[in-house]
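Visitor: Chain residues, written in single-letter form:
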Amino acid sequence: MSSIAHQCQALNTVVGPVAVPGFERLYAEYFQLVWRTLHRLGVDACQLPDATQDVFVVVHRQLPRFEGRSSIKTWLYAITARVASDVRRSDRRRPREKLPPRLVAPEEGPHDAAARSEAVKVLYDLLEGLSDDQRTVFVLAELEDLGPQQMAEILAVNVNTVKSRLKAARRSFDAALARHHARDRWRIP
Amino acid sequence: MSKLSLDARALLRQARAQEPVATKAEMEQVRQGVSTALAAVPAKAAAAGAAGSTAGPISATAATAAAPLLKLGALVAVSAAVGVGGWQLHGRMTGSGSTDTPPAATAAVVVGPGTLSASELGAQGPRTEPKSPSPVVTATEQAFEPSEARLETTQRSASGSSTARVGAAARQVRLERELRLLAAVQARLRQGQGESALALLDQQRDSSDTSQQLIEERLAAEVFAACAAGKRDRAKLAAKRFLALAPGSPLAFRVRSSCGGADR
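Protein chains in written order, with this note's numbering: chain A, 185 to 373; chain B, 16 to 279.
To be clear, the hints were calculated from the coordinates, so they are not data collected in a lab. Treat each hint with caution, since some may be false.
Claimed, not checked - Some chain B residues judged to face chain A by a derived CB distance under 10 Å, without partners named:
id	residue
1	Val45
2	Arg46
3	Gly48
4	Ala52
5	Leu197
6	Ala199
7	Ser264
Glycine included, every Cβ here is placed at the ideal spot set by N, Cα and C.
Pulled out of the complex, with its shape left as it was, chain B reads as follows (with noise of 0.2 Å):
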C-alpha cells in the first residue's frame, strides 16, 4: 500500500487535534433518544435474555412514547448487500456456523405494522426530537442478528392475529411480487423485447396487486423498454416522471443517458 504525502499526514495530524467532540448535552439527547426507541419497541434481545428485569421500565415509557412512534413501528431492508455484509461479520463474531449462508435478499423485506417504503427512507429529515428505531436501525440490526431472530420476525409479522400484522403481510406479499415483475422486465429487456417488457409494465401498472414500493425502479424500467421498443415519446414521459420523483437515485444517470433522458 502507497504511503500518503507527507503534506497530507499533516493536514491530518492537525485536523484530528481540532476535531470538536459532541457536546454533553448532545450526548445526553442521543441517550434519551435510545431510551425511547428502546421502550417503542421492547428489545428482542430484553425479552429473549432478561425479560424479567426489563419489562418493568420498559412498558412505563412505552406509555406515554407510544403515541408519536406509531408510524415508525415498522421496518424495512432492502439491501442484500447490508444483509450479506453484516451477515458476515457478525457470523464471524458470534460463531454461529453459518457464516457461508447469508440471507436472500428478498428475506431481508421483512415488513411490520406501518412498513415504511424504501422511497421514504430517504425522506426522513432531520429530527431534534428522540425517535423510534428507523429503518436504518432495523436494516442494520437485521444485519447483526441471526437468520433465525430474523425468519422468526418474518413469520410473526406474517402470522399474527392482528389487522396490521395481517396487512402488513399482504404488503410483502405485493412487494415480492412487484419484485417478480422487475426481474421478468428486466429479463426481457436482456432478451431485446422492448414491446413485451413495455406490455408487462402496463399490465401491471395501476393494479393494486403491485406495492408501489418500487415506483422509481419501474419508472426506469418503462424508460429503458419505451427506449429498446422504440416508443421515444413514452420514455421521455416516463423519464421526466422519474427525475421529478428521484433525481438523485443512482439510475438517473441511466436514465439521463437514455433515449428518454434531456441529455439526448
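Next up, chain A with everything else stripped away, as it sits in the complex (with noise of 0.2 Å):
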C-alpha cells in the first residue's frame, strides 16, 4: 500500500464533528475539478502538476481539522485559488514565457486535436485579458456555476464585492470578445 494510502485510512473516517471523504477519494472525486480550475484561473500548462499537488498536499494537511461547516467543495475551490493566485504572483516576480494553453489532452491525435482547440484557445486568450480578480470571479460564476455567495465565501470579501467584479469580467470578457470577432472578420476578406 502506497504511504498516501496509508495515511489515507486514517483520515478515512468520521473526522470532527462531521464525516467528511477521505482523502484518497476525495483525490479521485476531485482532482479534475483542481486541475482544471488551475489552469482556467492561469496557472500554466507546465506548472499544472506542481501546483495540483500543492492544492492537494494542502488538503491532506489540513482535512482532518475541516469541520463541514462550509461544503467540501467550497474549501478545495478557496485552497486552488489560493494556490492559483500564488502561482500567479510569483510568475509576476520571474516574469517568463507561458506555455498556451493545454488545447489537447496528449493521446489525441491531431485531428481531434485541431476540431478542439480554437473555442478553447480563444477562451484562454480572453481569460489572460481580464486581471486576476476579475479572471477569478469569472471563471467560478461562469465556469465553474458558483452563486455569488459560495464566491464570497471562496474568496474571503463581500457578497457586493463578487458581484461587482463579475460585472465588470462580464463587461470586458464581452468586449475582448467583440474585439476578437472584429479581428477575425478584417483577416477575412
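Can you join these two chains into the complex? Each is in its own frame, and there are hints to help.
Guide: Below, the structure written as C-alpha cells:
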C-alpha cells in the first residue's frame, strides 16, 4: 500500500463533528476539478502538475481540521484559488514565457486536436486579458457555475464585491470577444 | 449583475465541452508528488491526530526522499493578504471563533531550515519530479490553519535546539529588521525627507544585520529616496539595478516612471 493510501486509511473516518470523505476519495473525485480550475485561473500547462500537487498537499494536511461548516467543494475551491493566485504572483515577480493553454490531451491525435483547439484557445486568450480578481470571479461564476455567496466565501470578500467584480469581468470579456470577432472579420477578405 | 452576451455564452459552452482533462499518467505523477511531499515533512495533522497509524510509511518514504528535499523543507509566507483572506474562510469553516483576528503580516513570516527568500519563490522553474512542499504550499496551508498552530510553528522554529533552527530564527530576526528599516524609509519619504531616507538606506545597505530578502523593495526605496533628494544619477543607477533584478515586479512601473527610470 502506498504511503498516501496508508495515511488516508487513518483519515477515512469521522473527522471532527461531521464525516468528511477520506483523502483518497477526495483525490479521485476532485482531481480533475482542481486541475481544470487551476488551468482556468491562469496556471500554465507546465506548472499544472506542481500546482495541483500543492493543492492536495494542503488538502491532506488540513483535512483533519475540516469540520464541514462549508461544503468540501467550497473549501477545495478556496485552496485552489489561493494556490493559483500564489503561482500568478510568482510569475509576476519572475516573468517568463508562458506556455499556451493545453488544447488537447496528450493521447489525442492531430485531427481531434484541430477540432478542439479553437474555442478553448479563444477562451484562454480572453481570460488572459482579465485582471486576476476579475478572472477568478469570472471562472468561478461562468465556468464553475458558483453563486455570489459561495464565491464570497471562497474568496473571503463581501458578496457585493464579488458582484461588482463579476459585472466588470463580464463587461471586459464581452468587449474582448467583440474585438476578437472584429479582428477575425478584418483578416478574412 | 449584467449578463454575458449570447456570443460569449456560446463560446463558453463550446470551450467547456472541449477542454481536455488530465491524463491518468499526470494524475499518478501528481499523486507521487503529494506522497513525497507529505513524507518530506510529516504532516502536522497526522502528528496531532493519527500519528500512530501514519508514522511508519512516512518515515520509510522520508528516508529515500530526504536528500533532494533538504533545501525545500522550509517556508516563507510574505503576503499579509494570503494570511488574512484564507484565515477568514478557515475561521468560518471551523468555527474557531477567531475570524476577526487574522494573523499580522509579520507573523506570516515563518522560517524553517533553509528558508527561501521571497524572490526565490518566483525562481522555481517547472518541475517534472515529485517535489517537497513548496513555499506556495506552505503559504497556502498557513492561510488555512489556526493561529495556535501557526504560533506553535513559529515558536518551534525560533527556539529549536538544532543549528539550522537557530540559523532560521536569526534569519527571521534579520528579516523583521529589514521590514522595520523599509517602514522607516517610507515614513521619511512620506515626510519629504529624501536625504534622510537615503542616509538610512546607506547606513544599512551592506550590513549583515539585514536579510537581503527584500532586496527588490530596498532598491526601489533607494530610487524613490534618491529622486526625492534630487540625486538623479544615483536614482538611475539604483533603477538600473532594480530593473535588472526584478523587471516584472509590481514596483517596476513606479520605478520606470520615477526620475531614475528610462521613461524619463
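Visitor: Could you run down the list of hints and mark each one as holding or not?
Guide: To see whether the hints hold, each was checked on the structure:
no. : hint   : result
1   : Val45  : holds, 5 Å
2   : Arg46  : holds, 7 Å
3   : Gly48  : holds, 4 Å
4   : Ala52  : holds, 5 Å
5   : Leu197 : violated, 17 Å
6   : Ala199 : violated, 24 Å
7   : Ser264 : holds, 6 Å
Violated hints for the displayed structure, listed by number in ascending order: 5, 6.
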